[in-house]
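Undergrad: Next come the chains, spelled out residue by residue.
There are 2 protein chains.
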Amino acid sequence: MPKVSDKWPRPRPSQSSLQRRALHHPGRIWVLLILGSLTLNLVMIALLASLYEGGGTPGCKAERSILVAEKKKSVVAAPQQQSTAEELVSAEEISVSSTSGKRPASKDAIINLDHGDPTMFESFWKEMGEPGDITIPGWQAMSYFSDVTNLCWFLEPEFADEVRRLHKLVGNAVADNHFIIVGTGSTQLFQAALYALSPPDAPEPMSVVSAVPYYSSYPAVTDYLQSGLYRWAGDASMFDGDAYIELVCSPNNPDGSIREAILKSRYGKTIHDLAYYWPQYTPITDAADHDIMLFTVSKSTGHAGTRLGWALVKDKDVAKRMIKFIELNTIGVSKDSQLRAAKILKAVSDGYELPVSQTNHRLFDFGRQLLSIRWQKLQAAVKASDIFSLPDFPLALCKFTGENTGTYPAFAWLKCEKEEVEDCEGFFRKHNIITRSGRHFGVEPKYVRISMLDRDETFHLFIERVLMLHH
Amino acid sequence: MPKVSDKWPRPRPSQSSLQRRALHHPGRIWVLLILGSLTLNLVMIALLASLYEGGGTPGCKAERSILVAEKKKSVVAAPQQQSTAEELVSAEEISVSSTSGKRPASKDAIINLDHGDPTMFESFWKEMGEPGDITIPGWQAMSYFSDVTNLCWFLEPEFADEVRRLHKLVGNAVADNHFIIVGTGSTQLFQAALYALSPPDAPEPMSVVSAVPYYSSYPAVTDYLQSGLYRWAGDASMFDGDAYIELVCSPNNPDGSIREAILKSRYGKTIHDLAYYWPQYTPITDAADHDIMLFTVSKSTGHAGTRLGWALVKDKDVAKRMIKFIELNTIGVSKDSQLRAAKILKAVSDGYELPVSQTNHRLFDFGRQLLSIRWQKLQAAVKASDIFSLPDFPLALCKFTGENTGTYPAFAWLKCEKEEVEDCEGFFRKHNIITRSGRHFGVEPKYVRISMLDRDETFHLFIERVLMLHH
Numbered sequence: 001m002p003k004v005s006d007k008w009p010r011p012r013p014s015q016s017s018l019q020r021r022a023l024h025h026p027g028r029i030w031v032l033l034i035l036g037s038l039t040l041n042l043v044m045i046a047l048l049a050s051l052y053e054g055g056g057t058p059g060c061k062a063e064r065s066i067l068v069a070e071k072k073k074s075v076v077a078a079p080q081q082q083s084t085a086e087e088l089v090s091a092e093e094i095s096v097s098s099t100s101g102k103r104p105a106s107k108d109a110i111i112n113l114d115h116g117d118p119t120m121f122e123s124f125w126k127e128m129g130e131p132g133d134i135t136i137p138g139w140q141a142m143s144y145f146s147d148v149t150n151l152c153w154f155l156e157p158e159f160a161d162e163v164r165r166l167h168k169l170v171g172n173a174v175a176d177n178h179f180i181i182v183g184t185g186s187t188q189l190f191q192a193a194l195y196a197l198s199p200p201d202a203p204e205p206m207s208v209v210s211a212v213p214y215y216s217s218y219p220a221v222t223d224y225l226q227s228g229l230y231r232w233a234g235d236a237s238m239f240d241g242d243a244y245i246e247l248v249c250s251p252n253n254p255d256g257s258i259r260e261a262i263l264k265s266r267y268g269k270t271i272h273d274l275a276y277y278w279p280q281y282t283p284i285t286d287a288a289d290h291d292i293m294l295f296t297v298s299k300s301t302g303h304a305g306t307r308l309g310w311a312l313v314k315d316k317d318v319a320k321r322m323i324k325f326i327e328l329n330t331i332g333v334s335k336d337s338q339l340r341a342a343k344i345l346k347a348v349s350d351g352y353e354l355p356v357s358q359t360n361h362r363l364f365d366f367g368r369q370l371l372s373i374r375w376q377k378l379q380a381a382v383k384a385s386d387i388f389s390l391p392d393f394p395l396a397l398c399k400f401t402g403e404n405t406g407t408y409p410a411f412a413w414l415k416c417e418k419e420e421v422e423d424c425e426g427f428f429r430k431h432n433i434i435t436r437s438g439r440h441f442g443v444e445p446k447y448v449r450i451s452m453l454d455r456d457e458t459f460h461l462f463i464e465r466v467l468m469l470h471h
Numbered sequence: 001m002p003k004v005s006d007k008w009p010r011p012r013p014s015q016s017s018l019q020r021r022a023l024h025h026p027g028r029i030w031v032l033l034i035l036g037s038l039t040l041n042l043v044m045i046a047l048l049a050s051l052y053e054g055g056g057t058p059g060c061k062a063e064r065s066i067l068v069a070e071k072k073k074s075v076v077a078a079p080q081q082q083s084t085a086e087e088l089v090s091a092e093e094i095s096v097s098s099t100s101g102k103r104p105a106s107k108d109a110i111i112n113l114d115h116g117d118p119t120m121f122e123s124f125w126k127e128m129g130e131p132g133d134i135t136i137p138g139w140q141a142m143s144y145f146s147d148v149t150n151l152c153w154f155l156e157p158e159f160a161d162e163v164r165r166l167h168k169l170v171g172n173a174v175a176d177n178h179f180i181i182v183g184t185g186s187t188q189l190f191q192a193a194l195y196a197l198s199p200p201d202a203p204e205p206m207s208v209v210s211a212v213p214y215y216s217s218y219p220a221v222t223d224y225l226q227s228g229l230y231r232w233a234g235d236a237s238m239f240d241g242d243a244y245i246e247l248v249c250s251p252n253n254p255d256g257s258i259r260e261a262i263l264k265s266r267y268g269k270t271i272h273d274l275a276y277y278w279p280q281y282t283p284i285t286d287a288a289d290h291d292i293m294l295f296t297v298s299k300s301t302g303h304a305g306t307r308l309g310w311a312l313v314k315d316k317d318v319a320k321r322m323i324k325f326i327e328l329n330t331i332g333v334s335k336d337s338q339l340r341a342a343k344i345l346k347a348v349s350d351g352y353e354l355p356v357s358q359t360n361h362r363l364f365d366f367g368r369q370l371l372s373i374r375w376q377k378l379q380a381a382v383k384a385s386d387i388f389s390l391p392d393f394p395l396a397l398c399k400f401t402g403e404n405t406g407t408y409p410a411f412a413w414l415k416c417e418k419e420e421v422e423d424c425e426g427f428f429r430k431h432n433i434i435t436r437s438g439r440h441f442g443v444e445p446k447y448v449r450i451s452m453l454d455r456d457e458t459f460h461l462f463i464e465r466v467l468m469l470h471h
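Order-wise, the sequence lines are chains A and B. One point on numbering: in UniProt numbering, the residue at position 458 of the first sequence is 458, and numbering is uninterrupted. One point on numbering: in UniProt numbering, the residue at position 289 of the second sequence is 289, and numbering is uninterrupted.
There may be inaccurate statements among the hints.
If chains are identical, the list can't say which one is meant, so a pair holds when it fits in one copy or spans any two.
Stated by the list, open to error - Restricting the straight-line Cα-Cα distance to at most 20 angstroms, the calculated cross-link-like pairs of lysine to aspartate or glutamate (EDC-like) are:
1. Lys102 to Asp147
2. Lys383 to Glu122
3. Lys102 to Glu158
4. Lys430 to Glu417
5. Lys126 to Asp365
No lab work stands behind these hints, which were simulated from the structure alone.
Can you build the whole structure from these sequences, using the hints too?
TA: In structure tokens:
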């Protein structure tokens, strides 16, 4: 890779925010310099002291009146569901088995496509080489703090810069009028958002809903601590009430559909989970501009092991409460992960923006091409089998590529059309293919979710096996 | 040898003596201020400007610290007291201010010793050089899974190996008959342990207790989600009941004392927080062998920004539930942090075990020497002041060093003996020193906790200032 990176006008975090501000306001500093006298100095010192003794504008005082749950609340009573919390949790558990994340050992081995483990992207990053590598010296990033001038004091400035740059490049979300909050994966940010949107002193926990089929982790992650702040309340389309948090996953996990909030109430809140709103999966039709939007490197670049997500949040008080959650939950977020993710996102943007960048450095092209081939193979195999069906997706103009493109979701949402097969997951398991049943997503077990993001050898073995499943 | 750089007393002679004289006699503060240069003036102005402007986060940084500092006074959380969780949580919040983690900008700047930010160790790792560095290729550690043959499927084997090796070297804990569980800091593992030890179907939340003075985060972290599984119940010595989880922090944060569980019931459980049970802080008298033991790189090696802790857990079912918590909370733990921590722990063990290892690669020697000097300085300053007192610690045989050694806690637990000073934190704040009040730890505000782990320049400024505080 030619050394052009130095010429590229990437905004770099300045060493000191004080310096930055001083440079942004030369006029003010000049006036202050003229007026700078001992008196002023003393006034400043006195003011500063008073700030530390209890000033502050009321707008920033996010009161957190958290009441101890005096009695165990019946957290489970989702209006539409009769199952107990324990059943819910055990049904929705992340199931890790000895085949998870592994290459199949032989032709007949178990193929595990239960998780969306994005190992398909490994080959891209091997090809990328050095620009994707990072070295962290032993003495670096030791402090708890990243940038105390930022509301999100544990956010590494380099990472924030690369997040804004990437959204600008891809055009999938408006980052500029939003606070960036970094999280230990979007899972932690999802919980931070629930915490932020639930009034601490409400008589009842806030209802958390999502339209079926919804991401299988939502119910378990909402209910595992039996929080008095919020509780899972099932399918959004069945919800009857004014106060709620609606989870809108778009493109949707598991079925890849583009979604909007279906509930409308002035008391309702929405969280937009946009983990899959990237050009390898779906046409980028507009820059999303919602109140809370969640993203993760797991699905954008394939770095699931880095456990790093980010939220774009419009409202300052909501942002503050989300930050408070992350302070209490994990006292911030791994700086090593943030530094690495900054490097990874930089390599992705450089791949498109550097004048001489190589085509094999273009992540979204790589992802889209590979997924479109995989989807063709799967559709052909499904057609040949005559016992399954898949959703259809229309073409749409992608503003990122400038072309009419198809939709290639990270998961196949497959339905068993065989009348005698009620349990599609069980059917696949008989053929040593592990999938995730529709019942985890709030629908019938005739559906299964299948990862499309595994390594080539696993995917090919899967297609071979589907081709053998004749009617 | 990384210089155990105790630069005190060697400030620039002219300035220092003038300053000291000036500050011994409050009237001369004015003289000092007159001598305050334009640079100082600018620093104050810039600092103030940053506090008020705040870029995207207007005005919030200062307020957050203030919020916490000036809140509720009565926080002592004996279960019998009717203090609400609101009081508890606001008082126990982690307070981040514009000075957190920063070097003081001038002699008179605010010194922030509120957090135990372990930046004192930076100079050791700078001296260590390459053996402490890590390079992570772009394609590595992309999967969610680390080792699915391990109960803790997200635990990197290299990290687990280095944890066992280090405990064997130091002799501070028995790791061999325990499961290792990695967490996003010991804070996450603490919550995982609460989750694991609380029956999901009990009629009442489990009571969580700890003897005063207890670590200030315990109440807030226990109660912020208003869990139906567990709730904070205050001082262990005031607890009356059979079912509880007792938190035993040893050496104790904030006061450095060696502790054992004080409650005894066959239905009670204990969590041992051994974050500070390392040879730089305290003599290693025995290999701890408790049911659940928590450790963190933040305090052992100084890598707080890495957000990595580990638990040693005897019971398999408890381990499984802790792992389940981490799955639901963050789907595992950053592999980048784990790989880096493995390298760091390896460098620490190599420093003692490699035949040709250099003495400047011996972390615990470095830490103990520096802390013992710092404690001498502090004890001298406290004695000179005649208005404070510190706990006394006996010498003990350290099995790691083979010598009788003293105790040099990571925090000074300081009491204001001045009768008219009820609020020791406020007293220090008037002298631009930020500490954490005893009330956050469940005791009277005559006590404050002060970090001993900051960078040299911060610590020296602190000692200078204490020396000026005469009776």
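Undergrad: So, against the hints stated earlier in the document, which numbers end up violated here?
TA: Of the numbered hints given earlier, the structure breaks just one, which is hint 2.
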